[in-house]
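There are 4 protein chains.
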Amino acid sequence: MIIVMRAGATRAEIDRVVERVESLRLRPHVIVGTERTVVAVVGDERDAAMSGFETLPGVASVMPILAPYKVASREVQAEPTVVRAGSLVVGGPAIGVIAGPCSVESGEQIVATARAVKAAGATALRGGAFKPRTSPYSFQGLKEQGLELLALARAETGLAVVTEVVAPEDVPLVARHADVLQVGARNMQNYRLLEAVGRCDVPVLLKRGPAATLEELLLAAEYVLDGGNRQVMLCERGIRTFETHTRFTLPLATVPWLHARTHLPVVVDPSHGTGHASLVGSMSAAAVAAGADGLIIEVHPDPKAATSDGGQTLDFAAFEKTMQVCRRVAAALDRSIG
Amino acid sequence: MIIVMRAGATRAEIDRVVERVESLRLRPHVIVGTERTVVAVVGDERDAAMSGFETLPGVASVMPILAPYKVASREVQAEPTVVRAGSLVVGGPAIGVIAGPCSVESGEQIVATARAVKAAGATALRGGAFKPRTSPYSFQGLKEQGLELLALARAETGLAVVTEVVAPEDVPLVARHADVLQVGARNMQNYRLLEAVGRCDVPVLLKRGPAATLEELLLAAEYVLDGGNRQVMLCERGIRTFETHTRFTLPLATVPWLHARTHLPVVVDPSHGTGHASLVGSMSAAAVAAGADGLIIEVHPDPKAATSDGGQTLDFAAFEKTMQVCRRVAAALDRSIG
Amino acid sequence: MIIVMRAGATRAEIDRVVERVESLRLRPHVIVGTERTVVAVVGDERDAAMSGFETLPGVASVMPILAPYKVASREVQAEPTVVRAGSLVVGGPAIGVIAGPCSVESGEQIVATARAVKAAGATALRGGAFKPRTSPYSFQGLKEQGLELLALARAETGLAVVTEVVAPEDVPLVARHADVLQVGARNMQNYRLLEAVGRCDVPVLLKRGPAATLEELLLAAEYVLDGGNRQVMLCERGIRTFETHTRFTLPLATVPWLHARTHLPVVVDPSHGTGHASLVGSMSAAAVAAGADGLIIEVHPDPKAATSDGGQTLDFAAFEKTMQVCRRVAAALDRSIG
Amino acid sequence: MIIVMRAGATRAEIDRVVERVESLRLRPHVIVGTERTVVAVVGDERDAAMSGFETLPGVASVMPILAPYKVASREVQAEPTVVRAGSLVVGGPAIGVIAGPCSVESGEQIVATARAVKAAGATALRGGAFKPRTSPYSFQGLKEQGLELLALARAETGLAVVTEVVAPEDVPLVARHADVLQVGARNMQNYRLLEAVGRCDVPVLLKRGPAATLEELLLAAEYVLDGGNRQVMLCERGIRTFETHTRFTLPLATVPWLHARTHLPVVVDPSHGTGHASLVGSMSAAAVAAGADGLIIEVHPDPKAATSDGGQTLDFAAFEKTMQVCRRVAAALDRSIG
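Protein chains in written order, with the working numbering: chain B, 7 to 344; chain L, 7 to 344; chain P, 7 to 344; chain W, 7 to 344.
For the record, the hints were derived by calculation from the structure and aren't laboratory data.
One or more of the hints may lead you astray.
Treat identical chains as interchangeable: a pair holds within one or across any two.
Derived lysine to aspartate or glutamate pairs resembling DMTMM-like cross-links, with alpha carbons at most 25 Å apart [to be verified]:
| id | residue 1 | residue 2 |
| --- | --- | --- |
| 1 | 327 | 340 |
| 2 | 327 | 201 |
| 3 | 124 | 308 |
| 4 | 124 | 154 |
| 5 | 310 | 25 |
Note that the coordinates shown come from a computational prediction; the quantities given were computed from them, not determined experimentally.
Let the sequences and hints guide you as you build the complete structure.
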């Protein structure tokens with residue numbers, strides 16, 4: 007940690023900072039600059055309550071140095087984590103593709119979709135049974151019945167099932183039917199939920215919150231890892247910015263940035279990341295080119311009739327075309343899909 | 007809802023849109039413009055899955071007209087809701103002030119703070135017992151013991167207690183000790199939690215998520231209201247923007263905008279909204295001038311030693327000074343504090 | 007400047023950083039931490055091309071310590087700058103109020119407005135003659151004729167004239183008719199224009215760009231100050247965020263933050279900052295409570311007929327009411343209007 | 007344009023809106039909904055001053071329907087514009103690559119860079135002679151001498167020269183030496199500059215401002231097109247968001263979105279879009295996969311010694327590797343580089 011003193015900070019003010027650093031059993035280095043004095047603090051700044059320093063007289067600002075996450079860090083584990091959940095493998099040379107409808111609506115719908123996305127090259131099926139919805143008046147999902155339909159589609163196709171869990175008390179139920187537990191963007195900082203999925207042994211897909219920094223995303227992952235569950239995929243699904251022509255802004259630089267700092271694999275969601283079916287194909291290809299380890303894409307037999315998110319959902323033909331392009335881009339980077 | 011067709015949309019494409027509108031038992035009005043045709047849809051657009059329209063051929067964009075919230079709306083209830091929780095009244099002519107530490111740390115700390123903030127004019131005590139923290143390695147709160155210390159401080163001072171609840175299963179426990187249940191910014195879209203506080207009869211302070219639109223905030227309130235609990239305060243605590251000199255950006259225009267659209271009272275949190283103790287005084291006064299019905303301010307006997315959020319916490323003297331200024335600004339607007 | 011090395015940076019990598027620091031005639035301090043080594047650099051980091059450090063092998067990140075602005079800084083001049091331009095004084099105990107239409111449209115319009123805003127307490131008249139417009143098809147202002155009408159309104163009322171200048175070559179012309187040269191938000195980083203207004207002796211109102219950090223605003227001011235013109239007012243007029251219910255997001259914490267770092271006075275523009283006439287009154291009062299030294303407000307005899315920005319413009323009655331409230335809030339803070 | 011009335015708007019209020027629409031020679035359609043009345047306005051809403059409607063009593067909101075740009079629109083010109091500037095062709099099947107240093111520093115530097123980037127496959131040379139810099143104390147470019155060095159490098163290699171012009175009065179000078187005039191992000195809404203480049207016959211590279219919507223970008227292009235210059239390339243170079251791990255956030259969905267709405271080609275700048283050399287390679291490949299018509303990349307013989315932007319600049323080896331990957335991705339999409 008670096009504590010920057012104000013220009014003109016007094017000797018007594020500097021001494022008081024030094025004293026407080028020492029009282030936390032850390033080591034201070036005072037560096038007198040031409041315009042400012044800074045106090046460099048040696049020791050594990052994550053162990054102490056550091057936020058008080060900035061209220062000390064004479065202190066201008068406080069800058070942390072250590073990344074606050076540990077287990078998620080490449081410094082702790084150099085080799086990439088490969089997440090395996092039945093037919094889905096994410097983090098190796100092949101790119102996993104999770105596809106399916108926003109919401110499970112019926113057995114017919116989910117089985118037909120599972121067959122179509124499998125035929126096009128998807129390696130897992132997504133589908134929402136418990137749906138967190140912005141409005142209390144929107145369709146909230148088929149819940150347990152939806153889970154059963156997902157399990158049926160898995161039985162029919164062999165595709166691993168990825169579905170969202172929205173509350174700690176649902177974890178055992180969802181874990182019984184699903185191969186991957188998705189923690190949605192709205193719940194990225196629902197710590198009870200993170201702790202609950204951290205205690206079970208089913209792989210987790212953790213979505214970035216739309217206002218979360220990547221450091222906060224890694225700290226959310228840290229909750230899961232710290233609980234004992236090391237099978238975590240991170241998912242970029244877009245952030246909230248001033249742009250209105252897309253539902254969210256999809257920042258693909260997330261992929262190489264995370265790869266340099268964490269061993270966890272990175273999945274991209276171009277459906278939520280754009281909000282418009284017409285942009286999903288291009289952004290899927292771009293995500294693959296950026297180095298994504300996986301994609302999660304919304305697909306429905308008849309998007310205009312979908313109970314949710316129809317505007318960003320591909321039909322079977324558009325998904326198949328998207329997969330063809332992604333396969334070619336992956337090959338250009340010596341990777342494959344599947 | 008207005009469905010805007012692309013320039014050059016065919017007659018068949020327009021007919022298909024009209025057909026689908028009718029199939030949803032809504033009434034279409036086709037308006038042929040000089041460059042575009044639009045289809046205005048009459049009926050309750052909130053009842054149907056509308057998102058599919060934008061995937062229909064020939065459709066350029068879809069614009070909703072009705073606000074998606076109902077019970078929270080001024081159109082449903084014209085007179086302001088007054089929330090009453092013991093010593094705290096928010097929504098009437100007097101401005102309620104909730105003050106106290108980020109985290110409850112000890113009986114001595116919380117009782118001393120309660121006495122000091124009461125003397126300065128606060129009408130409720132805040133204090134975190136269950137602390138949602140970005141890092142799993144940070145202090146997570148005293149939990150049930152913290153609740154008991156808050157109850158003790160209430161017994162000593164008569165101040166109503168405001169404290170955060172982070173999970174549905176904790177609602178009964180927290181409701182037993184607290185006068186107001188705070189739903190934190192990270193949990194604004196934790197719908198299970200919203201439903202849980204909606205089912206109990208303790209007033210709720212609902213904080214805006216840092217990436218939430220005001221419409222999403224009102225829809226989150228709608229979950230609580232729809233559950234039967236009508237004692238809801240909305241809280242602006244800052245949004246995430248590109249600004250880095252403050253922890254969040256505090257948009258006070260929220261206050262008059264909400265007042266025009268909802269009968270629920272609006273509280274402002276200048277502590278989280280700025281992140282720096284030195285900015286809290288000015289922004290408290292500004293919030294009062296903007297018409298806020300309440301303030302929530304972090305106060306600690308010794309901010310630099312606080313276990314969390316020390317940098318944005320006032321000491322007793324700074325809080326007293328802030329209250330003096332706020333009282334004068336309130337009086338200038340024919341309001342009062344307390 | 008602090009150069010943070012990666013965990014596991016080699017001795018050779020550290021040496022190379024040290025060498026380069028020395029080659030720039032700065033002094034390096036190497037601090038070996040428990041997990042990281044940092045190199046603290048002593049000397050004026052603003053004089054050198056520092057951005058290359060982060061590409062050196064083993065370097066994790068580079069953190070500047072010194073604020074990059076100088077002349078604008080409170081460290082260079084402790085007492086506040088008072089800007090004086092005829093009837094307008096900004097930076098002293100009284101709050102200056104600049105009011106008038108977005109665009110000058112006619113002599114009748116501008117003179118009537120000048121009289122009305124003066125009667126209500128404004129101390130300067132605003133009005134656009136050269137209008138930078140987002141679309142080439144929008145009304146671009148009356149140009150020189152507009153300047154002459156502004157001068158006429160000044161002759162009639164004695165109010166100082168504030169008007170925008172959009173190009174270096176126009177500075178002499180505009181300076182001949184105006185008392186304050188406004189540099190608009192779109193031109194905050196038009197350095198030729200900043201240099202041109204820096205070379206003349208007419209006070210400047212410099213508006214913050216909607217994506218500019220406060221540091222960038224101060225550096226833009228530094229261009230003007232560095233040119234020799236010390237009569238600079240900074241203006242917060244809102245930033246671009248994800249919020250859509252207001253035209254921009256108006257962050258009033260700008261006011262106390264700037265006051266702590268610069269001696270230049272701070273003006274707030276609640277018209278552009280909100281984009282809606284119905285929010286201007288509350289946000290004017292809030293700006294005064296936040297400590298603003300001045301306000302700039304759009305007023306028009308008949309907003310619905312205005313050639314630009316009608317939606318955010320007050321009519322005379324609304325402006326008068328706004329001024330009454332602002333006067334009371336100012337008095338509560340021992341300040342006055344005018 | 008759609009004018010949405012408040013719930014409970016009176017007949018008289020609706021009549022007044024209708025009257026005003028008619029007074030603007032537009033045609034109103036009144037549609038009475040179940041909860042709201044809306045007035046759909048038929049006619050060219052771009053020709054009138056529409057902003058006043060929202061201040062009329064009873065009006066809740068006003069929604070435009072027509073895109074405000076015309077000449078830039080695909081509706082006006084269906085086939086893509088191909089921009090040709092010597093060795094650089096952008097907008098056809100081949101992807102143009104513009105590479106070179108942030109600033110021209112010396113003849114040796116620029117000629118060596120030109121040779122290296124040409125060998126690696128670049129089709130144009132970039133280099134700043136007039137440098138807009140955030141701080142007045144930073145290196146401001148070699149100016150005219152820089153232009154001459156660029157012309158020298160062109161003579162040596164045959165590469166077209168792309169360089170920034172920052173003021174209208176410099177346009178003739180820069181146009182004499184350069185093949186493409188770059189309008190930088192800070193000047194995207196410097197309308198005098200847009201008009202000046204619109205009047206000359208040298209192709210223009212127009213960069214998106216960091217807070218500009220795509221509609222604003224297209225309107226800025228419209229200024230150039232409207233002036234008579236139809237050779238315009240749009241450039242996405244990143245927007246300002248809350249993300250701090252990258253210098254800007256690079257939203258590649260810009261590419262397919264613009265392609266659907268405008269015939270102008272789209273170039274991506276992964277150097278400014280990320281701010282870190284280590285992210286440029288991945289994001290270049292991603293931009294190609296997203297469908298970009300061109301790339302502009304910062305390359306320098308020795309980035310750590312660059313006078314500006316060293317941290318985001320590739321050395322020759324890194325650029326060559328980036329080009330290899332981009333070529334393979336382009337081929338996967340049946341495109342080529344060059």
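Hint check results:
Proximity of residue 327 and residue 340 under a CA criterion of 25 Å is satisfied in both settings, with 20 Å inside one chain copy and 15 Å between copies. Neither within a single protomer nor between protomers do residue 327 and residue 201 lie at most 25 Å apart by alpha-carbon distance, with minima of 39 Å and 42 Å respectively. With identical chains, the CA atoms of residue 124 and residue 308 are at most 25 Å apart within one copy only, with a shortest distance of 17 Å there and 49 Å across copies. For a Cα distance limit of 25 Å, the shortest separation of residue 124 from residue 154 inside one copy, 19 Å, qualifies, whereas the shortest one across copies, 55 Å, does not.
In this homomeric assembly, residue 310 and residue 25 come within 25 Å of each other (Cα to Cα) only across copies, at 13 Å, whereas the closest approach inside a single copy is 66 Å.
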